[in-house]
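Student: If you want the building blocks of each chain, they are given just below.
Number of protein chains: 2
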Amino acid sequence: MSANGVLVVVSGPSGVGKSTLCKNIVTQVPGTTLSVSYTTRHPRPNERDGVEYYFVDDARFQESVREEAFVEWAEVYGNKYGTPKRQLLEALQKGIDVLLDIDAQGAKQIMERVAGAVYVFVAPPSLDVLRNRLCRRASDTPEEIERRLHKASDEIANFKAYHYFVRNEELLQATKELESIILAERVKTNRLDPEFLVENGLVEPVTMKKIAT
Amino acid sequence: MSANGVLVVVSGPSGVGKSTLCKNIVTQVPGTTLSVSYTTRHPRPNERDGVEYYFVDDARFQESVREEAFVEWAEVYGNKYGTPKRQLLEALQKGIDVLLDIDAQGAKQIMERVAGAVYVFVAPPSLDVLRNRLCRRASDTPEEIERRLHKASDEIANFKAYHYFVRNEELLQATKELESIILAERVKTNRLDPEFLVENGLVEPVTMKKIAT
Numbered sequence: 000m001s002a003n004g005v006l007v008v009v010s011g012p013s014g015v016g017k018s019t020l021c022k023n024i025v026t027q028v029p030g031t032t033l034s035v036s037y038t039t040r041h042p043r044p045n046e047r048d049g050v051e052y053y054f055v056d057d058a059r060f061q062e063s064v065r066e067e068a069f070v071e072w073a074e075v076y077g078n079k080y081g082t083p084k085r086q087l088l089e090a091l092q093k094g095i096d097v098l099l100d101i102d103a104q105g106a107k108q109i110m111e112r113v114a115g116a117v118y119v120f121v122a123p124p125s126l127d128v129l130r131n132r133l134c135r136r137a138s139d140t141p142e143e144i145e146r147r148l149h150k151a152s153d154e155i156a157n158f159k160a161y162h163y164f165v166r167n168e169e170l171l172q173a174t175k176e177l178e179s180i181i182l183a184e185r186v187k188t189n190r191l192d193p194e195f196l197v198e199n200g201l202v203e204p205v206t207m208k209k210i211a212t
Numbered sequence: 000m001s002a003n004g005v006l007v008v009v010s011g012p013s014g015v016g017k018s019t020l021c022k023n024i025v026t027q028v029p030g031t032t033l034s035v036s037y038t039t040r041h042p043r044p045n046e047r048d049g050v051e052y053y054f055v056d057d058a059r060f061q062e063s064v065r066e067e068a069f070v071e072w073a074e075v076y077g078n079k080y081g082t083p084k085r086q087l088l089e090a091l092q093k094g095i096d097v098l099l100d101i102d103a104q105g106a107k108q109i110m111e112r113v114a115g116a117v118y119v120f121v122a123p124p125s126l127d128v129l130r131n132r133l134c135r136r137a138s139d140t141p142e143e144i145e146r147r148l149h150k151a152s153d154e155i156a157n158f159k160a161y162h163y164f165v166r167n168e169e170l171l172q173a174t175k176e177l178e179s180i181i182l183a184e185r186v187k188t189n190r191l192d193p194e195f196l197v198e199n200g201l202v203e204p205v206t207m208k209k210i211a212t
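First to last, the sequence lines map onto chains X and H. FYI, numbering that gives the first Met the number 0 numbers position 189 of the first sequence as 188, with every residue one higher than the one before it. FYI, numbering that gives the first Met the number 0 numbers position 211 of the second sequence as 210, with every residue one higher than the one before it.
Isolated chain X (complex conformation) (with noise of 0.2 Å):
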């Protein structure tokens, strides 16, 4: 019902399942599809350019700030992460739904810089379940999986900076929540235009006048 698609940034603690959650959305839901990031840290297993990230080295990464060709950019644990604008706006400007699967230092930026976006905060079950999915992962050394534990409670408690809340305990749950979420915001009133109702035989032509004074 309206031109634009709904740009939604998820965000949450490093961990917390956020990428697995976006690409089920996209896989599942259509007219939704994945902003994919830059970043100057190095591919982990199964990792593919192009598809998780945009792999490069930091040189390239400069040139990109440089070129403002970034909507966000963030130095987390000491890699680079930049969210490349064109493509976003492209696809919002086709209708088309962005999810934005980024960090919470990110995600301010995003806030303190986009109109009109989403924010949806992932968490774990519970601090202890995270540590036990970052240990799995092992791709941390102990204290940094503290040091990403602390963190992780100090963006949960800033939860509200968020619009939406989402509890990754059981993946399918979470799916859907976030399912959810999209599909509802595409219907809010605020996405609507009076246009729309005219064009669609929903209102008199006088009634019209009235919306358009």
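I should point out that these hints are in silico values taken from the structure, not numbers from a laboratory. Among these hints, one or two may not hold up.
Copies of one chain are not kept apart here, so a pair can be met inside one copy or by any two copies together.
Stated by the list, open to error - Subject to a maximum C-alpha distance of 30 Å in a straight line, what follows is the list of computed DSSO-like cross-link-like pairs (lysine-lysine):
no., residue 1, residue 2
1, K93, K150
2, K187, K22
3, K79, K107
4, K187, K150
5, K107, K187
6, K22, K84
7, K93, K175
8, K84, K150
9, K84, K107
With chain X fixed as given, assemble chain H onto it according to the hints.
Tutor: Chain H alone, transformed into the frame defined by chain X:
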């Protein structure tokens, strides 16, 4: 995540399919119930007392008005409709989401009196389609139908008073949209009690104190 249920006011023109939509939700979505209104209008074929409405006479209705037993009541086309207060509050307090299937006049009263409710406007695909539906229902005279259509046009033009706009073109899709609205509203951060985060081990004790202050 919140102790209280969500009050979902489902309104829209007569004949738009509000009650079918609400019935679908109550059957398909656990944790939802439908508020049954009192009315002085005569039952249509297939309508049962205590299911679609409580059918009462005018004296009994006036008694309930005097006892302030209604959240709202209105007279529409010579018939009175009222939403009973007690059942509604009891369900919400149990954490059950309550759907209220009422006309625009009733919705307006709720907007003025109840805080925190969610307002969904259900629209027909077009006024022409609505005219056909009303003719098929055959419970109104042609004059009544034209009067209803004119009123529908005015109500649709007032869509901004509502949070969501569901166009009931295809019942399955409209049901899914209404379900999504309810599920999304449940996970809104403004419904999230910070106590919940503490009790579920989602924030560290030190962060707990930061939230409290």
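Student: Taking the hints in turn, state whether each one holds.
Tutor: Outcome of the hint check:
1. K93 / K150: The answer is neither: 37 Å in one copy and 35 Å across copies each exceed 30 Å.
2. K187 / K22: both (24 Å within a copy, 22 Å between copies)
3. K79 / K107: within (16 Å within a copy, 51 Å between copies)
4. K187 / K150: between (33 Å within a copy, 22 Å between copies)
5. K107 / K187: This pair counts as both: shortest intra-copy Cα distance 24 Å, inter-copy 18 Å.
6. K22 / K84: within (20 Å within a copy, 44 Å between copies)
7. K93 / K175: Result: close both inside a copy and across copies, 24 Å intra and 23 Å inter.
8. K84 / K150: within (27 Å within a copy, 45 Å between copies)
9. K84 / K107: within (16 Å within a copy, 42 Å between copies)
Checked against the numbered hints given earlier, this structure breaks only hint 1.
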